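Model the placement of chain Y on the given structure of chain S, informed by the hints.
There are 2 protein chains.
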Amino acid sequence: MAMDSSAKVIDGKSVAKQIRDEITAEVSRMRESIGVIPGLAVILVGDRKDSATYVRNKKKACESVGINSLEANLPEDSTEEEVLNYIAGYNDDPSVHGILVQLPLPSHMNEQNILNAVRIEKDVDGFHPLNIGRLAMRGREPLFVPCTPKGCIELLHRYNVSIKGKRAVVIGRSNIVGMPAALLLQREDATVSIVHSRTSNPEEIIRQADIIIAAVGQANMVRGSWIKPGAVIIDVGINPVEDPNSPRGYKLVGDVCYEEAIRIASAVTPVPGGVGPMTIAMLLQNTLISAKRVHHFE
Amino acid sequence: MAMDSSAKVIDGKSVAKQIRDEITAEVSRMRESIGVIPGLAVILVGDRKDSATYVRNKKKACESVGINSLEANLPEDSTEEEVLNYIAGYNDDPSVHGILVQLPLPSHMNEQNILNAVRIEKDVDGFHPLNIGRLAMRGREPLFVPCTPKGCIELLHRYNVSIKGKRAVVIGRSNIVGMPAALLLQREDATVSIVHSRTSNPEEIIRQADIIIAAVGQANMVRGSWIKPGAVIIDVGINPVEDPNSPRGYKLVGDVCYEEAIRIASAVTPVPGGVGPMTIAMLLQNTLISAKRVHHFE
Numbered sequence: 074m075a076m077d078s079s080a081k082v083i084d085g086k087s088v089a090k091q092i093r094d095e096i097t098a099e100v101s102r103m104r105e106s107i108g109v110i111p112g113l114a115v116i117l118v119g120d121r122k123d124s125a126t127y128v129r130n131k132k133k134a135c136e137s138v139g140i141n142s143l144e145a146n147l148p149e150d151s152t153e154e155e156v157l158n159y160i161a162g163y164n165d166d167p168s169v170h171g172i173l174v175q176l177p178l179p180s181h182m183n184e185q186n187i188l189n190a191v192r193i194e195k196d197v198d199g200f201h202p203l204n205i206g207r208l209a210m211r212g213r214e215p216l217f218v219p220c221t222p223k224g225c226i227e228l229l230h231r232y233n234v235s236i237k238g239k240r241a242v243v244i245g246r247s248n249i250v251g252m253p254a255a256l257l258l259q260r261e262d263a264t265v266s267i268v269h270s271r272t273s274n275p276e277e278i279i280r281q282a283d284i285i286i287a288a289v290g291q292a293n294m295v296r297g298s299w300i301k302p303g304a305v306i307i308d309v310g311i312n313p314v315e316d317p318n319s320p321r322g323y324k325l326v327g328d329v330c331y332e333e334a335i336r337i338a339s340a341v342t343p344v345p346g347g348v349g350p351m352t353i354a355m356l357l358q359n360t361l362i363s364a365k366r367v368h369h370f371e
Numbered sequence: 074m075a076m077d078s079s080a081k082v083i084d085g086k087s088v089a090k091q092i093r094d095e096i097t098a099e100v101s102r103m104r105e106s107i108g109v110i111p112g113l114a115v116i117l118v119g120d121r122k123d124s125a126t127y128v129r130n131k132k133k134a135c136e137s138v139g140i141n142s143l144e145a146n147l148p149e150d151s152t153e154e155e156v157l158n159y160i161a162g163y164n165d166d167p168s169v170h171g172i173l174v175q176l177p178l179p180s181h182m183n184e185q186n187i188l189n190a191v192r193i194e195k196d197v198d199g200f201h202p203l204n205i206g207r208l209a210m211r212g213r214e215p216l217f218v219p220c221t222p223k224g225c226i227e228l229l230h231r232y233n234v235s236i237k238g239k240r241a242v243v244i245g246r247s248n249i250v251g252m253p254a255a256l257l258l259q260r261e262d263a264t265v266s267i268v269h270s271r272t273s274n275p276e277e278i279i280r281q282a283d284i285i286i287a288a289v290g291q292a293n294m295v296r297g298s299w300i301k302p303g304a305v306i307i308d309v310g311i312n313p314v315e316d317p318n319s320p321r322g323y324k325l326v327g328d329v330c331y332e333e334a335i336r337i338a339s340a341v342t343p344v345p346g347g348v349g350p351m352t353i354a355m356l357l358q359n360t361l362i363s364a365k366r367v368h369h370f371e
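Protein chains in written order, with my numbering: chain S, 74 to 371; chain Y, 74 to 371.
Same shape as in the complex, but just chain S (with noise of 0.2 Å):
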C-alpha cells in the first residue's frame, strides 16, 4: 500500500445508503407483522424550482424504502387559513406519522404560525420548540431529533468518531443545524464551543477542536490551519461558487477548503455526497420512528 497522509473521505452517500437499507428491512418487518404502513405527507406552497426539487427527492427516498408519501401542492396564493387546514387533516389522519411543510413558505405567510400547527407527535423536522427544549435539557427525550444535525452525529458514530470527553466546536448557531447540532454533542458529552458570526477570534478556537462541525453558510472559511492535526470534520455547508470548467458554471463547495483540510485532518467529509444524504435518511428514520411509537412496535 502506498503512504498516504491524507485524511478519510466520510462517505455521506454510502452510509445514507446503509441506512435506507435498514430502514427498508424495518419498513417491510413492520407491515409484515402488524400491517401498518409509514406515512409522510409533504406540504408545498409555491412553485418555486429549488423547493419542488427537495420534495419530489423526499417522495422518490420514501419509495425507495417503502414509505407511504402523501403530498399536498396548494398555489403561491394560498391563504395561511388554507396551510392550516392541510395541517389539521394530516394531523387527524392515522396513516400519517410524519408532516413536513417545505420552506420557505410565500412571505405573506406567518411561518411560526404555521409550524407550531404541526402537532408535535408528527413533527418528524424536529423543529418544535418543546422537542428542542426537550433535546437541551439533561434527563430528558426529543420526540424527534432534527435531520441534519442527526445526521452529521450518525456520521460520526458510523465512523467510531468518539465524541465524549473531545473538544468539538460548532460554527454556527442556527436554530436548524447549528444549535440542536451542539445540543446533541453535549449530550454526548462532548466539550462544545459555539463559533458565530460574533465571534472575534473564530481560527484560534477552531484550531482547538477534535471535531468540527460547520454549518454556517460561507464558501470555503475554515483553511487548513485553522483546523487541528487529525480533527474530524463534518461541513454541513453547500455554497456555489463560480466555475468557469463546469458546464453550468458553477460548483457547490463547503463551509470548509476541502482541499486544505483533506490533508490535515484525520477524517472529512465531502461537499457533496457528505452530510447532504443523511438529511433525507434521517427524515425517513424519523418518519418510521414515529409510525413505531404510536403502534407500539419495537
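Watch out, some of these pointers could steer you wrong.
Here are some, though not all, of the chain Y residues that point toward chain S, as calculated from beta-carbon distances under 10 Å [said to hold, decoys possible]:
1) H201
2) N204
3) K237
4) R240
5) L256
6) V265
Far from chain S, by Cβ distances over 12 Å, these chain Y residues were calculated [said to hold, decoys possible]:
7) Q91
8) Y232
9) H369
Label-pair distances were calculated between CB atoms; the ranges are [said to hold, decoys possible]:
10) S:E154 with Y:N189: 29 to 35 Å
11) Y:S180 with S:D123: 51 to 57 Å
12) S:P345 with Y:I311: 50 to 56 Å
Keep in mind that the hints were calculated from the coordinates and are not lab data. It should be emphasised that the depicted structure is a prediction, and the values quoted were computed from it without experimental measurement. All C-beta atoms, glycine included, are put in the ideal place defined by N, C-alpha and C.
This is chain Y only, laid out in the frame that chain S set:
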C-alpha cells in the same frame, strides 16, 4: 488613593436590593393603576428544614415588595394526585400569577409529572421544556427566564460588563443553572463553551474566558492560575466547607477560590452575597412580568 490590584467585588446583595426597590415601585404602580396585585403560590411538600427556610425566605421577599404570597404546605406522605390538585387550583386562580413547587419532592413522587402540570404562563421558574426550547431558539422568546441564570446575566448588565463577542465559559451543565446560563450568554452574542465533568482539560478552556459562570457545586475548584487576568467571574456555587473558627463549624464557599480570584480577575461575586440574593429577586421579577402580561399592563 492607595494602589489596589484587587478585583471589583460584584455586590449581589446591593443589586438585588435595588431590583427589589424597582419591583416595589412597579407593583405599587400596577395596584394603583388597575387594582391588580401580583400573586405567587408556593407549594411545599414534606418537612425538610432547608426547604421550609427557602419557602419562608420567598414569602418574606414577596411581602417586602408588595407581592401576595400563597402557600400550600402538604404532608410528606401526600399523594401525587393531591399535589396535582393544588397545582390545578392555582392554575385556575386568576389571583395567582406564578406557581412554584419547592424541590426536592418526596421520592415517591414523579417530579417531571408535577412540574409539567404547572401552566406555562405561570411557570415563573422557567423550567418547562417549551420555555427552554424558546430560550435556545433564535427569533423566539421564552415566557420566563430561569431565575438563577437570569440573575447572573443581570449582574453582568448592572456592572456594565460587555458580553457581545466575548469568550464565555460556563462550568456545569445543569438544567436549572449551567445549561440556561449558556443559552442566555449565547443570546447576548458571547462565544460560549461549556465545561463539565467529562471535560478533559477544564483548566485550559477556563483560562480563555473573559466571563466565567461557575455552577458546578465543587468547593474552590477554579484556582487563581485558571483565570485569565481581567476576567469577570460569576460564582453560583454555595458549598459548605469545614471551618473550626466558625461557631457552626463550617463556612460557605463558591466554586471559585475567592482569595485567589480576587487578585487576578477584574470583577468577582462573593459567596455568600453574590448570585444568591439575585435568585429571589429574579423570582419576584418573573412574578411581576407574569401579572403584567396577563393584564396587558406595561
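Right, here's what the structure says about each hint:
1. H201: holds (7 Å)
2. N204: holds (7 Å)
3. K237: Where the cut-off is 10 Å and the nearest Cβ of chain S is about 6 Å from K237 (chain Y), the hint holds.
4. R240: holds (8 Å)
5. L256: Where the cut-off is 10 Å and the nearest Cβ of chain S is about 7 Å from L256 (chain Y), the hint holds.
6. V265: Holds, because the Cβ-Cβ distance from V265 (chain Y) to chain S comes to roughly 6 Å (cut-off 10 Å).
7. Q91: holds (29 Å)
8. Y232: holds (21 Å)
9. H369: holds (21 Å)
10. S:E154 with Y:N189: 29 to 35 Å: holds (31 Å)
11. Y:S180 with S:D123: 51 to 57 Å: For S180 (chain Y) and D123 (chain S) the Cβ distance comes to about 55 Å; the hint holds.
12. S:P345 with Y:I311: 50 to 56 Å: holds (52 Å)
Every hint, counting from the list given before, is met by this structure.
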